[in-house]
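Residue numbers (this note's numbering), protein chains in the order written: chain A, 1 to 67; chain B, 1 to 212.
One or more of the hints may lead you astray.
Stated by the list, open to error - The following residues of chain A were derived to be distant from chain B, with all beta-carbon distances above 12 Å:
hint: 1; residue: Lys2
hint: 2; residue: Glu10
hint: 3; residue: Gly39
hint: 4; residue: Glu40
As the list claims (entries may be wrong) - Derived DEER-like restraints, expressed as beta-carbon distance ranges:
hint: 5; chain 1: B; residue 1: Ser117; chain 2: A; residue 2: Asp48; range: 53 to 61 Å
hint: 6; chain 1: B; residue 1: Glu22; chain 2: A; residue 2: Ile51; range: 30 to 38 Å
hint: 7; chain 1: A; residue 1: Asp48; chain 2: B; residue 2: Phe61; range: 34 to 42 Å
hint: 8; chain 1: A; residue 1: Leu32; chain 2: B; residue 2: Phe61; range: 42 to 50 Å
hint: 9; chain 1: B; residue 1: Asp108; chain 2: A; residue 2: Thr50; range: 34 to 42 Å
To be verified - In silico BS3-like links for lysine-lysine, alpha-carbon gap of 27 Å or less:
hint: 10; chain 1: A; residue 1: Lys27; chain 2: A; residue 2: Lys44
hint: 11; chain 1: A; residue 1: Lys27; chain 2: B; residue 2: Lys159
hint: 12; chain 1: B; residue 1: Lys29; chain 2: A; residue 2: Lys31
Hints in this document: simulated from the structure, not taken from any laboratory.
All C-beta atoms, glycine included, are put in the ideal place defined by N, C-alpha and C.
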Amino acid sequence: MKFILNNREEELNGESLSVNEMLTIKKFSYKLRIIKINGELISKEMYDSTIIHEGDNVQMFYLMSGG
Amino acid sequence: MDKFVIASIFIIRTFLKMNLSEIRSHLGKYRVGIAGAGGLGSNCAVALARSGIGTIVLSDFDIIEESNLSRQYYFTDQIGMMKTVALKENIFRVNPAVSVIIHQKKLDRYNIPEVFSGCHVIVEAFDRSEMKEMLIETVNNRMADVPLIIGSGLAGWGKTGNIGCRKIDNTLYVCGDESSEVSDDTPVLAPRVGIVANMQANIVVEILMKMG
């Protein structure tokens, strides 16, 4: 399947995958992050049940301490 | 407003040039919220005050310590003062036309909508990432149409070219290098936090200049 991750096209195996599966495959391990899919904020508790579909627009960034 | 009116205002703003006093008088119509008055918040607030923002809403519960002066917009004779009170004083010395509303409280999911009610844009200026996350979730859930500007990744020094700004969507922007974290050997220093604070202020100005 193809989807957009931070404005770049990504291609991963399978027809769809959960947010947690995507994070594992991409080896994104840092825990404090914000994820929006098609403009909708996905809370941490929803990472297992939220599915990324073909063509979805996924935006992700890390929250680093300091300010 | 219908789409035609919004598009017309945008076109007028794009093609009708404004001079400094017209820009400042336009920015004077708006209210900006700043969550935190440390390195990001104090520097961002002063940049916005100099630009002529009408009303600045500051929220912080901390007192100024000597160590804060390495990066925050305070002075030696203000050590021991509440940050909100001292920043209001400093803003007044820069631009007395700015209305400054201060809240001396710890922000949480329940008080954020009330503290920042009426704000056209909100700047995230917390230190801890958990607080950044809480603010993003609260604004998303309860003030969904208000743009929020995050600072993430500003510790240490150098790596100037790694600092950038990214528009996530119409209501969420992130400024910083998105990777540098504070630690004992990468503390927050004035140059990088000042760059990110001023980038946040620059996005606020950009958003407000497009408003009718």
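* Return the numbers of the hints above that this structure violates; sort them in rising order. => Hint check: 3, 4, 5, 6, 8, 9, 12 fail, others pass.
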